[in-house]
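Put the two chains together into one complex; each comes in its own frame, and the hints tell you how they fit.
Here are the chains, one letter per residue:
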Amino acid sequence: MFFVLAVALFPLGVGPGPERLAELAPGVLWVLALLSTLLALDGLFRRDYDDGTLEQMVLHAQPLFAGVIAKIAAHWLVTGLPLVLLSPVAALMLNLPSEAFGTLMVTLLLGTPVLSVIGAVGAALTVNLKRGSLLLALIVLPLYVPVLILGSGAVAAVVDGVGASAQLAWMAALASLSITFAPFAAAMGLKVGLE
Amino acid sequence: MSSAMNVLKSWWHRLGSPRSFYGIAGRLAPWFLGVGVLGIVVGFAWGLAFAPQDYLQGNSFRIIYVHVPTAILAQSVYMMVGAAGLVLLVWRMKLADMFMVAVVPFGMSMTALALITGAIWGKPTWGTWWVWDARTTSMLVLLFLYFGLMALRQAIPREETAGRACALLAVVGTINIPIIKYSVDWWLTLHQPSTFKLTEAPSMPPEMYLPLLVSVLGFYALFGGLAFMRTANVILERERATQWVQATVRQHVQ
Chain U
1 MFFVLAVALF PLGVGPGPER LAELAPGVLW VLALLSTLLA LDGLFRRDYD
51 DGTLEQMVLH AQPLFAGVIA KIAAHWLVTG LPLVLLSPVA ALMLNLPSEA
101 FGTLMVTLLL GTPVLSVIGA VGAALTVNLK RGSLLLALIV LPLYVPVLIL
151 GSGAVAAVVD GVGASAQLAW MAALASLSIT FAPFAAAMGL KVGLE
Chain A
1001 MSSAMNVLKS WWHRLGSPRS FYGIAGRLAP WFLGVGVLGI VVGFAWGLAF
1051 APQDYLQGNS FRIIYVHVPT AILAQSVYMM VGAAGLVLLV WRMKLADMFM
1101 VAVVPFGMSM TALALITGAI WGKPTWGTWW VWDARTTSML VLLFLYFGLM
1151 ALRQAIPREE TAGRACALLA VVGTINIPII KYSVDWWLTL HQPSTFKLTE
1201 APSMPPEMYL PLLVSVLGFY ALFGGLAFMR TANVILERER ATQWVQATVR
1251 QHVQ
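For the protein sequence lines, the chains are U and A, in the order given.
Residue 1 is where the first sequence starts when you use my numbering, and the numbers rise one by one after that.
Residue 1001 is where the second sequence starts when you use my numbering, and the numbers rise one by one after that.
Hints were generated in silico from the structure; no laboratory data involved.
Every value quoted in this text rests on a predicted model; they were computed, and no experiment measured them.
The beta carbon of each residue, even a glycine, is placed where N, CA and C say it ideally should be.
Hints are supplied without guarantee of correctness; some may be wrong.
Unchecked claim - Computed list of lysine-lysine pairs in DSS-like fashion (alpha-carbon distance at most 30 Å, straight line):
| hint | chain 1 | residue 1 | chain 2 | residue 2 |
| --- | --- | --- | --- | --- |
| 1 | A | LYS1009 | U | LYS191 |
| 2 | A | LYS1181 | A | LYS1123 |
| 3 | A | LYS1123 | U | LYS191 |
| 4 | U | LYS130 | A | LYS1094 |
| 5 | U | LYS130 | U | LYS191 |
| 6 | A | LYS1094 | A | LYS1009 |
What the hints assert, rightly or not - Selected chain A positions facing chain U (in silico; Cβ < 8 Å):
| hint | residue |
| --- | --- |
| 7 | VAL1141 |
| 8 | ALA1155 |
| 9 | ARG1164 |
| 10 | VAL1184 |
Just chain A, with the same shape it has in the complex (with noise of 0.2 Å):
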């Protein structure tokens, strides 16, 4: 038992440490780059070609390929994001900090992205490229919780005072973020019952449901590896002042 613990424990400090987790990026980030494009090209090219029309909406339908992963990967990424945040506070580790600098702007296009494909949707399916739909709304209250994050790192100048200030923020966030959903769903039902509803299929027969998924994991895969390789470019850039970096930077540009 405790030696399973040491086990575990080592590695938590390994994968801790920005060196190490350099190297384990640096092999892992290509296979994950190459999931992920597959599995988008594969997803997209089986979704928008291949996959039924939908029986009420035609092919205007196809844009739940780019607009469900997108909007998927928006909220997951914000809560990462907020683990991040309690690992920082809690184990003061500088990886997690870094983690959250390479992914906050990743999480900020997907959900400006998710509102985008929602609008182009909205526009053939409900007649309006806006609703203050439980879901839009809830989406637009998370973009603003990105903005949040960016402008507090960006308006204070010490690096460490900075990712401690929003991983605080991260994690109060992400505690609202169900309560928020929740308001606004029950705000939705008080106020309009049900004038839009979302004409999804009661079940989505599996030609069409099997694309959604592997374009999904596709974007998943390609967050896995945007996210390793933007970590270590954080790494570079922050740990430039010790040895390994500079003897890696120097190996990789003679």
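Next up, chain U with everything else stripped away, as it sits in the complex (with noise of 0.2 Å):
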């Protein structure tokens, strides 16, 4: 919601002209997306460890990373897949070329999960602090800039007319990578955090 609310701003403060409009939407659709999933990102961790949850999750006898994965699938399912879907609502709004729409909404696909995962390390560390939001953003966004720069350049790329496959498969190998790796970071944060 935040996401549309944010991109219906965007005319307002730059004008309407679609040509302008146009040549910004592919930055302005990645970092609102950014964003928008930074706004959700803190309460992923917060509510289980308010009551207790997360302390019994990090008791429990199954590994803990298991259980931090379906919390970031989750978090993903409610907050990445709805901003892939309504992309390209945002992006007819933006006045994107049409082409260029699938390109958007599969560097979201790719993107999206990144960006959970990363952002759950964030998370984990910052769990148990009284202000831990903006330091989440901190500590988070500066990891975000390989992200941004890929999928922003894809769609610019496909707008531009060159293809973008060299960074969808940079995209693509980020996102396992960082999916592969980030749980067990993001449960060994959980587990300072908690001690």
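Take a look at the structure:
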């Protein structure tokens, strides 16, 4: 919801000229996807921490990362996936050329899981801190730079009529790498934070 | 073979104990500091006063003797922090955490200095203070990574927890640095095809290159000395409950 709302704010800010909007669209959409993921991240472990579920998960015989993966997957289904599905609407509003819609959705589909798993590491490290959300942004945003560059780069490349297969391959590599390793790091972060 | 392993192991354990590291650091720090100051003075004097002018940039290129060493240190200190973080997570070596506490501020100030000197250099060379060039951008991201480390440590009240959290973040950051660097490089080639290129002569003549090398080595030695001193201070502060620290302090106070 934040995503669509913020997309609607952009034309009000920079003017409704279709060419300008189209030029800005790939970057704007990706930056907003980043920020809306970040907004939702703070709640990833917070509620479970408050009511003690998280400690039960840490103490449970089942390895912690399995629980963490489940949490992240659930989180992605309610924050990342809607973003992917809503992105054509947002792209329409920003006058992105229609041939780039597919690429936008594919990049978001590949990129938002990366944002979620990397963000989970930050959320795990800051879960028991009072003002964790600001710190979370500070920790996580620099790590999001590659995803932002590749994602908006891929969309912009398609708009310019150049193929985006290289960016997509890189994003797929990043996604598989981070989905493989980041849940372990997040589980470790939770253990550190709760000890 | 096994005896060599044993020697290595006992050396590792000895290095890892704060007490013996304190002794080693105290003996080595003055040497490193001396070499560092000497290297920086010689490198700067040689570079600023005696090296020839650049055929394109005139005298303004001379800031390279500050800019390049700080930039190199900024990156390698983060790598060292990441390595120390790994050591802390795997072997739970207290000393690694103390080292991290001691050097992160140094690395951060190096990054800031590299960005500032880069901006000062950019003004006469590129005509603007800031350019979204690949290197400046990745240095900026590095600065934010340092900020994150500092902020995370300050936010967690318990020392041990803070250390391990920072270690984890440093390891994740170290894995990400090459990815960030390559993606930023790539972003640049996509967006602006070499409008601004650092006018580096294809190969620097040795009169310009050697002072830079001396200056870089000087900065490294200075870093070594400061790292020893600051780590020793952190050891004193954290181990203040132990007898040897109290004895050492008493000895020095009287």
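Now for the hints, and whether the structure bears them out:
1. Restraint check for A:LYS1009 and U:LYS191: the C-alpha separation of about 29 Å stays at or below 30 Å, so the hint holds.
2. The straight-line distance between the Cα atoms of A:LYS1181 and A:LYS1123 is roughly 24 Å, inside the 30 Å bound, and the hint therefore holds.
3. Of the pairs offered as hints, the one joining A:LYS1123 and U:LYS191 is violated, with about 48 Å between alpha carbons and a cut-off of 30 Å exceeded.
4. Simply put, U:LYS130 and A:LYS1094 have alpha-carbon atoms about 26 Å apart, close enough for the 30 Å limit, and the pair holds.
5. Taking the CA atoms of U:LYS130 and U:LYS191, the gap is about 18 Å. The hint holds against a cut of 30 Å.
6. Under the criterion of a C-alpha separation no larger than 30 Å, the hint pairing A:LYS1094 with A:LYS1009 is consistent with the structure, at around 17 Å.
7. For A:VAL1141, the shortest C-beta to C-beta distance to chain U is roughly 5 Å, which falls under 8 Å, so the interface hint holds.
8. The beta carbon of A:ALA1155 is positioned within 8 Å of a beta carbon in chain U (closest approach about 5 Å), and the interface hint is therefore held.
9. The restraint placing A:ARG1164 at the interface with chain U holds, with a minimum CB-CB distance near 4 Å, inside the 8 Å limit.
10. At its closest, the beta carbon of A:VAL1184 sits 7 Å from a beta carbon of chain U; the interface hint therefore holds under the 8 Å criterion.
Against the hints set out earlier in the document, a violation occurs for number 3 only.
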